[in-house]
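These are the residues of each chain, in order.
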Amino acid sequence: MIERYTFHERICHWLTGLTYCYCLATGLAFYTPYLFWLALALGGGPTSRFWHPLTGLVFFGGAIWMHGIWRADMTITGADREWLNKSGDYATNHDDAVPPQGRFNAGQKIFYWAMFYGALLLVLSGLVLWFPEYVPVGFRWVRGIAILLHESAALITIGAFIIHVYMGVFMVPGSVRAIVNGSVTADWARAHHRLWFDRITGK
Amino acid sequence: MANGPLEIKAISGHAGTVPGRDTSRDYALAKLIDVTTCIGCKACEVACLEWNGYPFRETEFNDTYQTMPDLAWNYYNLITFNEHVNEDGTLQWLMRKHGCMHCADPGCLRACPSDGAIVQYANGIVDFQQDNCIGCQYCVTGCPFNIPRFNPETKKVHKCTLCSDRVGAGLEPACVKACPTGCLHFGSKEDMKDLAEKRSLQVRAHTSHKNAGVYDPQGVGGTHVMYVLHDIDQPEKYGGLPKDPHVPLSVRIWKGPLKWLGNLAMIGGVLGVAIHYVRFGPKGDKHGGTP
Chain A
0 MIERYTFHER
10 ICHWLTGLTY
20 CYCLATGLAF
30 YTPYLFWLAL
40 ALGGGPTSRF
50 WHPLTGLVFF
60 GGAIWMHGIW
70 RADMTITGAD
80 REWLNKSGDY
90 ATNHDDAVPP
100 QGRFNAGQKI
110 FYWAMFYGAL
120 LLVLSGLVLW
130 FPEYVPVGFR
140 WVRGIAILLH
150 ESAALITIGA
160 FIIHVYMGVF
170 MVPGSVRAIV
180 NGSVTADWAR
190 AHHRLWFDRI
200 TGK
Chain B
0 MANGPLEIKA
10 ISGHAGTVPG
20 RDTSRDYALA
30 KLIDVTTCIG
40 CKACEVACLE
50 WNGYPFRETE
60 FNDTYQTMPD
70 LAWNYYNLIT
80 FNEHVNEDGT
90 LQWLMRKHGC
100 MHCADPGCLR
110 ACPSDGAIVQ
120 YANGIVDFQQ
130 DNCIGCQYCV
140 TGCPFNIPRF
150 NPETKKVHKC
160 TLCSDRVGAG
170 LEPACVKACP
180 TGCLHFGSKE
190 DMKDLAEKRS
200 LQVRAHTSHK
210 NAGVYDPQGV
220 GGTHVMYVLH
230 DIDQPEKYGG
240 LPKDPHVPLS
250 VRIWKGPLKW
260 LGNLAMIGGV
270 LGVAIHYVRF
280 GPKGDKHGGT
290 P
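Read top to bottom, the protein sequences are chains A and B.
Residue 12 in numbering that gives the first Met the number 0 sits at position 13 of the first sequence, and the numbers go up by one each step.
Residue 214 in numbering that gives the first Met the number 0 sits at position 215 of the second sequence, and the numbers go up by one each step.
Next up, chain A with everything else stripped away, as it sits in the complex (with noise of 0.2 Å):
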């Protein structure tokens, strides 16, 4: 077995993942009366109202804590670009046909940086939002701006999740156990990520 996700990483990941889902689902329910019930079901309104900015604080705390972690192993680089070529092939399991990949292919990167800036986005709108009242009556326009960005950010990092809860629950079997458990065996590695595989394998 080997060690794909350190202690750090794993925690981190769940940090941002399950606070992301709360702010997402009470998110939902503010977006949608389709989907109020997900406010009551998690307490009522004036609690979801009352726990989303919140949550959204420690999303964004780990989001940064995330940022120092992989930062550099998120930076696009010349194989990316091959890779992105390719991605027909990928995202049709012809596998064959994509070159090898380092730590994470272009898929995984793109999704890193649209849930960064996605975050930085949600934080900045959802300020304005949290405290309408210190915003002067003068630059009213900034509050209604602000809505407008925090839902399209919004729905630019739920598309994001949708795509990678699939890969990583669906697609690519192995993926949970190694952001739980924070091993996969060798051949997964080869498979998914050779040149990062042969890296630590010292190959």
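Calculated from the structure, these hints are not laboratory results.
Treat the hints with care, as some may be off.
[As the list claims (entries may be wrong)] Far from chain A, by Cβ distances over 12 Å, these chain B residues were calculated: (1) D69; (2) F80; (3) H83; (4) L90; (5) R148; (6) D243; (7) H275.
[Stated by the list, open to error] Derived coverage of chain A by chain B (criterion: at least 3 residues anywhere in the stretch with Cβ under 8 Å from a Cβ of chain B; other residues may be distant): (8) 45 to 51; (9) 79 to 92; (10) 102 to 115; (11) 131 to 142; (12) 150 to 162; (13) 169 to 177.
[Claimed, not checked] What follows is a list of derived Cβ distance ranges for each label pair: (14) B:T206 to A:E132: 39 to 45 Å; (15) B:S23 to A:L41: 23 to 29 Å; (16) A:V168 to B:S23: 48 to 54 Å; (17) A:R176 to B:G19: 25 to 31 Å; (18) A:G43 to B:K242: 25 to 31 Å; (19) A:G43 to B:L248: 16 to 22 Å; (20) A:L41 to B:Y64: 45 to 51 Å; (21) A:L39 to B:K258: 19 to 25 Å.
Note that CB positions come from ideal geometry on N, CA and C, so glycine has one too.
Given the coordinates of chain A, assemble chain B onto it according to the supplied hints.
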């Protein structure tokens, strides 16, 4: 006037139909504020506080006859005092009863995400139901008149109810009852429009205010609180009454195209990955391809 529970026309953040809509023939009501006969006595402010059971608040003395600098969560109704210098050098002392306009197309209700926190009755009254309010203050962003006020202690938003509790019992609003000059009128929207037109005609004919007119802005579908103004072309001089109010564009985009785009994207995303799984299935370990 309805005597009994008020029939509901629209509910904020509500999935599905409005129960009991169009089951009775409640007619539209309106309050008419004839600014030209207001003497600024503030009896309406006192009556409003007394009826709603709020205490008098401390005020600020800043060289004005205005009671409070602004509306507050427990101060729904404020006479604004503005000294306006006309182009010919004459001075006008403008007093206007400031509060919720009860729009036919209420931006607050459109923006509200909480089921039943804002309701619009068939008679036109827009009412906040604090029991259902979650304190998000989206209504404040949605309101083109900057009316709703947040109580930070209870995390609930308040505004003028047009005395829906009195109106439901067949009474006129408390402010109208208290007005000593007859500047405030209450009745069916049709009658009030008629009265407003007649009064502004009278003002135009018998005074120097040749621009007198009725303020019933159509940008928000008309309002159930209307004004007769000396100068309909310059509502701004009455303490910032907007000339052509609309529900903010950002709120209309947010609750319109962006909502549909988002719904499609989210449902499409979930369906897309499900179909992908059925079509291509999971990746294998050996070569990364299908096992």
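**Q.** Status of the stated non-contact between D69 (chain B) and chain A (beta carbon gap over 12 Å)
**A.** 9 Å, violated
Q) Taking 19 to 25 Å as the hint, is the beta-carbon distance of L39 (chain A) and K258 (chain B) inside that range? A) 21 Å, holds
**Q.** Proximity test - 8 Å, beta-carbon atoms, the stretch 102 to 115 of chain A to chain B, at least three hits
**A.** violated (count 0)
Q) Does the hinted range 48 to 54 Å hold for V168 (chain A) and S23 (chain B) at CB? A) 53 Å, holds
(Q) Taking 8 Å as the Cβ threshold, is the statement that the stretch 45 to 51 of chain A is covered by chain B upheld or broken by the three-residue rule? (A) Three-residue rule met by the stretch 45 to 51 of chain A, so holds; n is 4.
Q | Beyond 12 Å from each Cβ of chain A, as asserted for D243 (chain B) | A | Check passes; 16 Å lies beyond 12 Å.
(Q) Between the stretch 131 to 142 of chain A and chain B, are there enough contacts, at least three residues with CB-CB distance under 8 Å, for the coverage claim to hold? (A) With 6 residues close enough to chain B, the hint holds.
Q. Quick one: are G43 (chain A) and L248 (chain B) within 16 to 22 Å, going by C-beta?
A. 32 Å, violated
(Q) If you count the residues of the stretch 169 to 177 of chain A with a beta-carbon closer than 8 Å to a beta-carbon of chain B, do you get 3 or more? (A) holds (count 5)
Q.
Using Cβ atoms and 12 Å as the threshold, tell me whether L90 (chain B) really stays out of contact range of chain A.
A. 26 Å, holds
Q) In terms of Cβ atoms, is chain A entirely out of 12 Å range of F80 (chain B)? A) 18 Å, holds
**Q.** E132 (chain A) and T206 (chain B) - C-beta distance against the hinted 39 to 45 Å
**A.** 41 Å, holds
Comparing the model with each earlier hint shows violations of hints 1, 5, 7, 10, 15, 17, 18 and 19; every other hint is respected.
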